[in-house]
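I would like the entire structure built from these sequences, with the hints used as guidance.
Going by this note's numbering, the sequence shown opens with residue 102, and the numbers climb by one from there.
It is possible that some hints are incorrect.
Pair ranges (Cβ atoms, derived) [to be verified]:
(1) 162 with 233: 22 to 28 Å
(2) 255 with 162: 43 to 49 Å
(3) 165 with 144: 27 to 33 Å
(4) 182 with 252: 22 to 28 Å
(5) 183 with 243: 51 to 57 Å
(6) 138 with 268: 52 to 58 Å
(7) 142 with 205: 39 to 45 Å
(8) 241 with 131: 17 to 23 Å
(9) 260 with 152: 23 to 29 Å
With a Cα cut of at most 25 Å, we get these calculated DSS-like pairs of lysine-lysine [stated by the list, open to error]:
(10) 192 with 163
(11) 235 with 192
(12) 143 with 235
(13) 192 with 167
(14) 163 with 135
(15) 143 with 166
(16) 192 with 166
(17) 192 with 143
(18) 167 with 143
No wet-lab data here; the hints were simulated from the structure.
Glycine included, every Cβ here is placed at the ideal spot set by N, Cα and C.
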Amino acid sequence: MAGEPKIGGDEPAWIVRHEPAWYAVHTRSRHEQKAQQELSRKGFEVFLPQVWGWSRRRDRRKRIKKALFPGYLFVRTPLLPGVRLSIIQSKAVVRILEVRQRPVPVPERVVESVRLLVEGSSDAGPHPLVNEGKLVQVVEGPLAGAVGRVVRVRRRRLVVNVELLGRAVAATIDDAAVAPYLGE
Numbered sequence: 102m103a104g105e106p107k108i109g110g111d112e113p114a115w116i117v118r119h120e121p122a123w124y125a126v127h128t129r130s131r132h133e134q135k136a137q138q139e140l141s142r143k144g145f146e147v148f149l150p151q152v153w154g155w156s157r158r159r160d161r162r163k164r165i166k167k168a169l170f171p172g173y174l175f176v177r178t179p180l181l182p183g184v185r186l187s188i189i190q191s192k193a194v195v196r197i198l199e200v201r202q203r204p205v206p207v208p209e210r211v212v213e214s215v216r217l218l219v220e221g222s223s224d225a226g227p228h229p230l231v232n233e234g235k236l237v238q239v240v241e242g243p244l245a246g247a248v249g250r251v252v253r254v255r256r257r258r259l260v261v262n263v264e265l266l267g268r269a270v271a272a273t274i275d276d277a278a279v280a281p282y283l284g285e
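Laid out in structure tokens, this is it:
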């Protein structure tokens with residue numbers, strides 16, 4: 102913005118923060134670990150929340166660590182002149198999340214809550230909002246493409262009524278195999 106006071110170069114004065122704070126950093130698609138390694142190598146404190154998930158490769162499923170927030174990680178740093186530039190010049194980094202072109206710190210308690218969640222739970226992870234009575238579409242398995250209504254939710258398994266050949270069939274399906282139905 103024109104006319105704003107500058108400190109030590111091109112950084113506007115309102116960007117400079119001397120006390121360390123957490124910032125959400127947007128990474129290139131599927132480059133969270135590369136960004137984490139690169140930023141750590143530069144000396145930044147980096148937190149990449151990861152959870153166990155399933156990867157489907159051709160004919161097999163493999164349990165792997167996935168980013169809890171795909172495309173994002175957290176960096177704790179004072180936002181001094183040059184530091185912001187050092188972060189965004191990393192090859193795997195797209196940008197620091199901003200509001201009105203200003204980097205916004207993520208509250209310490211939020212980052213700690215996420216840290217406790219991923220460290221304390223083997224079942225933590227992003228989950229589509231599926232409740233009883235909700236329409237869902239099966240996205241993997243033999244019923245892939247079928248649309249049905251959730252009848253019951255038990256742990257990570259769903260009982261879904263799917264109409265096949267003019268009849269309703271109840272199928273028990275893993276919650277990762279469905280997505281909220283967005284059609285019609």
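Here's how the hints hold up against the structure:
{"no.": "1", "hint": "162 with 233: 22 to 28 Å", "verdict": "holds, 27 Å"}
{"no.": "2", "hint": "255 with 162: 43 to 49 Å", "verdict": "violated, 21 Å"}
{"no.": "3", "hint": "165 with 144: 27 to 33 Å", "verdict": "holds, 28 Å"}
{"no.": "4", "hint": "182 with 252: 22 to 28 Å", "verdict": "violated, 58 Å"}
{"no.": "5", "hint": "183 with 243: 51 to 57 Å", "verdict": "holds, 56 Å"}
{"no.": "6", "hint": "138 with 268: 52 to 58 Å", "verdict": "holds, 53 Å"}
{"no.": "7", "hint": "142 with 205: 39 to 45 Å", "verdict": "violated, 25 Å"}
{"no.": "8", "hint": "241 with 131: 17 to 23 Å", "verdict": "holds, 19 Å"}
{"no.": "9", "hint": "260 with 152: 23 to 29 Å", "verdict": "holds, 25 Å"}
{"no.": "10", "hint": "192 with 163", "verdict": "violated, 28 Å"}
{"no.": "11", "hint": "235 with 192", "verdict": "violated, 41 Å"}
{"no.": "12", "hint": "143 with 235", "verdict": "violated, 47 Å"}
{"no.": "13", "hint": "192 with 167", "verdict": "holds, 20 Å"}
{"no.": "14", "hint": "163 with 135", "verdict": "holds, 21 Å"}
{"no.": "15", "hint": "143 with 166", "verdict": "holds, 24 Å"}
{"no.": "16", "hint": "192 with 166", "verdict": "holds, 22 Å"}
{"no.": "17", "hint": "192 with 143", "verdict": "holds, 12 Å"}
{"no.": "18", "hint": "167 with 143", "verdict": "holds, 23 Å"}
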